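Peer 1: Listed below, chain by chain, are the residues.
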Amino acid sequence: MRATSGLLRLGLETQADEVDWNGFAQRVMARVTPEPLPFWERLQLEVSERWTHQRVLWMGGVAVAATAALLLTVGVPWVQRMSLPVGYGAPRIAVREVTVDSRAHVAPVVMENAETGDAIIWLVDHEDAQAVPSSNSEDWGDESDEDAARVPAPRPLSDRPTGGEL
Amino acid sequence: MRTQTRWGVLSLAVGMLSSALAWADAPTVKVKVEVVHASNANDVVEPPMLASMKKKFAQSGIHYSGYRRLSEETVLVRSTPPHVVALPNGKKASLVLDKVEGATASVRVALPPLETVYELGREGSVFLQAGAHQGGVLILVLSPAAL
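Protein chains in written order, with our numbering: chain S, 1 to 166; chain Z, 1 to 147.
None of these hints come from the bench; they were simulated from the model.
You may find that some hints are simply not true.
To be verified - Rough simulated footprint, nothing fancy, chain S against chain Z, three-plus residues with beta-carbon under 8 angstroms:
no. : segment
1   : 26-39
2   : 65-75
3   : 116-124
No experiment lies behind these values; they were computed from the predicted model shown.
Cβ atoms here follow ideal geometry from the backbone N, Cα and C, with glycine treated the same way.
Using the sequences and the hints given, assemble the complete structure.
Peer 2: Here it is, written out as structure tokens:
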């Protein structure tokens with residue numbers, strides 16, 4: 001049996017040696033018309049192949065991607081917040097409270113611009129200011145306190161401040 | 001007697017140290033404070049960057065031709081003691097940290113007869129009328145410190 005097998009192999013090899021195999025593979029491949037699979041099919045195939053044979057690598061890649069996404073969504077804003085000076089968490093300045101001592105006979109006019117955060121707080125004569133004797137200004141101790149109601153008038157305007165946009 | 005004195009000095013030192021640590025640990029915020037003199041006596045805008053302030057005032061209906069910055073400083077504001085800014089017209093503005101909520105702080109500014117509270121933000125300025133001065137008016141400008 002062994003001798004027969006050897007003879008058979010020798011015969012087949014002799015026959016095979018007589019054939020010119022040069023360029024055989026190229027000729028075969030040239031006859032095969034490559035027909036690309038649809039995109040989704042290729043993708044599914046690729047994923048399933050990689051999942052089957054490179055599962056550990058895939059899991060690592062997914063873990064790295066998840067960590068990167070977490071850093072981008074949580075870490076970057078957190079670092080930005082931490083790098084801000086204390087108290088500057090709000091994007092814009094906002095006036096919360098304006099009060100004037102009633103004895104001053106002036107009224108505050110607040111003009112805010114919500115877009116820029118700018119706010120002008122101006123004091124104008126209160127309507128009962130004329131009825132108050134000027135000697136009352138001494139109540140403030142500092143005479144200049146009443147100056148707010150007597151600041152030199154700006155140039156004549158068509159409209160006085162009304163609390164509108166800056 | 002000597003031992004009692006030593007213990008007294010030691011406790012005093014510890015007390016002072018803890019007070020100093022508590023003071024140092026107290027929240028503080030940085031605020032830029034400018035004093036600007038606006039008048040119609042001239043058309044000078046100094047420094048030129050005050051042109052934007054002039055424009056903002058004009059858009060609000062307050063027209064002064066000249067704006068001159070008299071002082072500029074970045075101050076640390078605490079809840080106590082108040083930071084006092086002396087103005088050239090004799091007035092004094094005192095700034096205190098009103099409260100800190102989360103990452104946002106509020107500053108209380110007392111400029112008799114006006115008292116305001118504003119929330120700090122990364123953009124914008126608060127312009128407070130601070131009384132007459134040399135034929136014009138003083139304006140206290142509070143802005144975010146350099147971020």
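Peer 1: Decide, hint by hint, whether the structure agrees.
Peer 2: Hints and how they fare:
no. : hint    : in the structure
1   : 26-39   : holds (count 5)
2   : 65-75   : violated (count 1)
3   : 116-124 : holds (count 9)
Violated hint for the displayed structure: number 2, the only one.
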